[in-house]
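Enquirer: So the sequence lines, in the order shown, correspond to chains W and D.
This note's numbering numbers the first residue of the first sequence as 13 and each following residue consecutively.
This note's numbering numbers the first residue of the second sequence as 13 and each following residue consecutively.
Hints are computed from structural coordinates only; laboratory data are not their basis.
The reader is advised that the hints may include incorrect statements.
Copies of the same chain look alike in the list, so a pair counts if it works inside one copy or between any two.
[What the hints assert, rightly or not] When the alpha-carbon atoms are kept at most 20 Å apart in a straight line, the in silico SDA-like pairs for lysine to any residue are as follows:
{"hint": "1", "residue 1": "Lys65", "residue 2": "Ala281"}
{"hint": "2", "residue 1": "Lys16", "residue 2": "Pro45"}
{"hint": "3", "residue 1": "Lys242", "residue 2": "Pro129"}
{"hint": "4", "residue 1": "Lys232", "residue 2": "Tyr112"}
{"hint": "5", "residue 1": "Lys143", "residue 2": "Asn243"}
{"hint": "6", "residue 1": "Lys324", "residue 2": "Ile166"}
{"hint": "7", "residue 1": "Lys49", "residue 2": "Asn331"}
{"hint": "8", "residue 1": "Lys117", "residue 2": "Leu33"}
{"hint": "9", "residue 1": "Lys65", "residue 2": "Arg223"}
{"hint": "10", "residue 1": "Lys100", "residue 2": "Val389"}
{"hint": "11", "residue 1": "Lys232", "residue 2": "His115"}
{"hint": "12", "residue 1": "Lys15", "residue 2": "Glu130"}
{"hint": "13", "residue 1": "Lys100", "residue 2": "Lys242"}
{"hint": "14", "residue 1": "Lys384", "residue 2": "Leu241"}
{"hint": "15", "residue 1": "Lys232", "residue 2": "Ala281"}
{"hint": "16", "residue 1": "Lys321", "residue 2": "Tyr112"}
{"hint": "17", "residue 1": "Lys381", "residue 2": "Arg266"}
{"hint": "18", "residue 1": "Lys232", "residue 2": "Leu273"}
{"hint": "19", "residue 1": "Lys59", "residue 2": "Glu139"}
{"hint": "20", "residue 1": "Lys227", "residue 2": "Asp318"}
{"hint": "21", "residue 1": "Lys15", "residue 2": "Pro45"}
{"hint": "22", "residue 1": "Lys239", "residue 2": "Ile48"}
{"hint": "23", "residue 1": "Lys232", "residue 2": "Gly113"}
{"hint": "24", "residue 1": "Lys110", "residue 2": "Gly295"}
{"hint": "25", "residue 1": "Lys324", "residue 2": "Ala46"}
{"hint": "26", "residue 1": "Lys324", "residue 2": "Asp246"}
{"hint": "27", "residue 1": "Lys269", "residue 2": "Thr280"}
Values in this document were obtained by computation on a predicted structure and should not be read as measured data.
Protein chains: 2
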Amino acid sequence: MQKKYLLFAPGPSPIPPKVLLAMAEPIIHHRAPAYIKVLEEVREGLKYLFQTKNEVLIFASSGTGAMEGAVTNTLCAGDKALVVQGGKFGERWANICKGYGVHAKIIHVEWGRAVDPEMIKKALEVEPAIKAVFIQASETSTGVRHPVKEIAGIVKNYENTILIVDAITGIGVFDLPTDKWNLDILVGGSQKALMLPPGLAFAALTDKAWRFIEKSTLPKFYFDFRKELKNIKDNQSAYTPAVSLVIGLREVLRMIKEEGLEHVFARTARMAKATREAMKALGLQLFAPDSPSDAVTAVVAPQGIDGQKVVKVLREKHNITIAGGQDQAKGKIFRIAHFGYMDTYDIVTAVAAVELALKELGHPVELGKGVKAALEVLS
Amino acid sequence: MQKKYLLFAPGPSPIPPKVLLAMAEPIIHHRAPAYIKVLEEVREGLKYLFQTKNEVLIFASSGTGAMEGAVTNTLCAGDKALVVQGGKFGERWANICKGYGVHAKIIHVEWGRAVDPEMIKKALEVEPAIKAVFIQASETSTGVRHPVKEIAGIVKNYENTILIVDAITGIGVFDLPTDKWNLDILVGGSQKALMLPPGLAFAALTDKAWRFIEKSTLPKFYFDFRKELKNIKDNQSAYTPAVSLVIGLREVLRMIKEEGLEHVFARTARMAKATREAMKALGLQLFAPDSPSDAVTAVVAPQGIDGQKVVKVLREKHNITIAGGQDQAKGKIFRIAHFGYMDTYDIVTAVAAVELALKELGHPVELGKGVKAALEVLS
């Protein structure tokens, strides 16, 4: 029986057909004038998206590559850092620091909770030698949004400390103005709200971050921020760029500009709220009730039902991908993304799919109750 | 006036329409069964292409990323290395080594010449502590093919030395059997003979290379070979893979398998020979006459004509991209690639284009003379 493949995982996420088609055009050379024109437009579009006057660097890699670069371009071996760790991606910051001999003090946050900015404030008071604070804007593994604005307001007062934000599932989802909030490094990726295939990573940097880069001694080569800055100013890249993805990027940046960043955020917030209200109407608990991210809703699987089974039923019987829990949250939760190329009827579909899956797993569900709650928010 | 865009640069190179269309299908999640199936097939296809029993690692990056990984995964700070440097990409090996505190002794080779294996032999006799020998299978900047088979035969005798080969423009162009020749690390990229957009890098490794990796202490994170090996065996990757490119990769690996690797090499060799004979028939000199690579033909610009002008005329008046010279060869040469998705009539076109461009630049050319010579090889 015909079953469309539907994708509600927090990346990769659906790609607009016109972007797919733009990337399917015959490839052009990265020194050809046509590509230079693409990159010129992309540079402006990225500045708009990241809300910065500075260049946004582009790497042919997964987001993790730019995360590694954020460490190796700003710090030195033996430096002290502070890592907010309340999920799988917080752990990634700690692992990168460890791999490069950066001493990371970990602020452990219960999975599903946001960090209290006071903890950052105190940690910096106790140890002002901390050179970088690492955090996720949106912790994808738990569905939590961390208060990066408040934290940036604290870090700003320390001349020798920068804030490094993994915004891979934050950028294009909710407001993250790099310059205005002093988000010293903002790392992004292509396969989330940017509606592209995975394969591009981004880094936006404040002037303060660039000053740190001048003094960094950790080794780097492929993810060398200074080298890329020099190149992008000439509409080039240090190494062969991911041409087709950059061409797709031009299309999505046009779409974002046309809709307007504030409207993108409002649409996304509405879809996220609709999803949360739908889950609550079904009697389900949110995994991150106090500080939910508009990127992804993590839902606690009902008593007696394995969260992985919800994922499995949707995958095997409905041809739908949602995400399960990772590591310590495995089996406890399932996750639904709502960013990028999505609208009202995608949310209706996602909620309806959860209703059907739970029913099939024997959980008592009043069909349509979640959809009704979602529609009330979306109408 | 309608002018098709034609691409004869040594990467990116033309992409088969069916591969473009496969990559334009709606994206799937990298944990979805459909992607697992793709990766299973890709793993087998890469083993065939690289002629190895071991897994071939796949990275979402430019080829340079895997080059960096080949250094950071096998060596330690302070190690000694030997770098064959006879072009821009040889310099890249030296720069990566330098960036990571590896002491690289450079074997300087005149641009346009291949290294004499005796020089490697002697260098290893003088300094048996050298842990790695770095070379290009095909030095794209000069059009030279280096004798990696002979060099591998020398390095093989040193238990504590491995051979690391940049085969970015070699793999899929001419025979480079990883296991049979003991090419300890073979680095590849997607945008050359693999007929894909840039954005994927590959590393094939012998058992000997894997033993080195166990002892390496240089820092690495994104390009961690051991982590990727563990993941690829489970049809996964450590970080989000470049899904659309990997889907395209399945298509090109099918095409290569269907044609047969030996036929791919024979077709490429014929196209390369036709290009060389055509240039000679036009009275032009080859930049690498003694050891030309079948990947790209570097042609010395005729007396009084700037090589960059040939590139410029073709770009601006013919909508054709060929490559100029880089660094010390800038202005002296122009380069025509002949690998991947190309056949007889692409070579005819490339040669005809050079004839027209030279004529337009005031160089005496008997139109059709190069094409005739090419056709005689191709017929």
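Enquirer: I want to check one pair: Lys227 and Asp318. Are their C-alpha atoms no more than 20 Å apart within a copy, between two copies, both, or neither?
Expert: Answer is neither; intra-copy 49 Å and inter-copy 42 Å both fail.
Enquirer: Is it within a copy, between copies, both, or neither that the alpha carbon of Lys242 lies no farther than 20 Å from that of Pro129?
Expert: Cα proximity of Lys242 and Pro129: none, with 35 Å in one copy and 38 Å across.
Enquirer: Using 20 Å as the alpha-carbon threshold, which applies to Lys117 and Leu33: within, between, both, or neither?
Expert: neither (46 Å within a copy, 48 Å between copies)
Enquirer: Check Lys15 against Pro45 for me: Cα-Cα at most 20 Å, and say if that holds within a copy, between copies, both or neither.
Expert: Classified as between: cross-chain Cα gap 15 Å, same-chain 43 Å, threshold 20 Å.
Enquirer: At most 20 Å between alpha carbons: which applies to Lys384 and Leu241, within, between, both or neither?
Expert: neither (49 Å within a copy, 47 Å between copies)
Enquirer: One pair to classify: Lys15 and Glu130, alpha carbons no more than 20 Å apart. Within, between, both, or neither?
Expert: neither (49 Å within a copy, 63 Å between copies)
Enquirer: My question is about Lys143 and Asn243: at a cut-off of 20 Å on alpha-carbon distance, are they close within one copy, between copies, both, or neither?
Expert: neither (27 Å within a copy, 33 Å between copies)
Enquirer: At most 20 Å between CA atoms: does that hold for Lys232 and Leu273 within a copy, between copies, both, or neither?
Expert: Neither: 34 Å inside a chain and 36 Å across chains, both beyond 20 Å.
Enquirer: When Cα atoms must be at most 20 Å apart, do Lys232 and Tyr112 count as within-copy, between-copy, both, or neither?
Expert: both (10 Å within a copy, 8 Å between copies)
Enquirer: When Cα atoms must be at most 20 Å apart, do Lys65 and Ala281 count as within-copy, between-copy, both, or neither?
Expert: neither (26 Å within a copy, 50 Å between copies)
Enquirer: Given identical chains, is Lys59 near Glu139, meaning Cα to Cα at most 20 Å, within a copy, between copies, both, or neither?
Expert: Neither: 34 Å inside a chain and 51 Å across chains, both beyond 20 Å.
Enquirer: My question is about Lys232 and Ala281: at a cut-off of 20 Å on alpha-carbon distance, are they close within one copy, between copies, both, or neither?
Expert: neither (38 Å within a copy, 38 Å between copies)
Hint violations for this structure: numbers 1, 3, 5, 6, 8, 10, 12, 14, 15, 16, 17, 18, 19, 20 and 24, all remaining hints satisfied.
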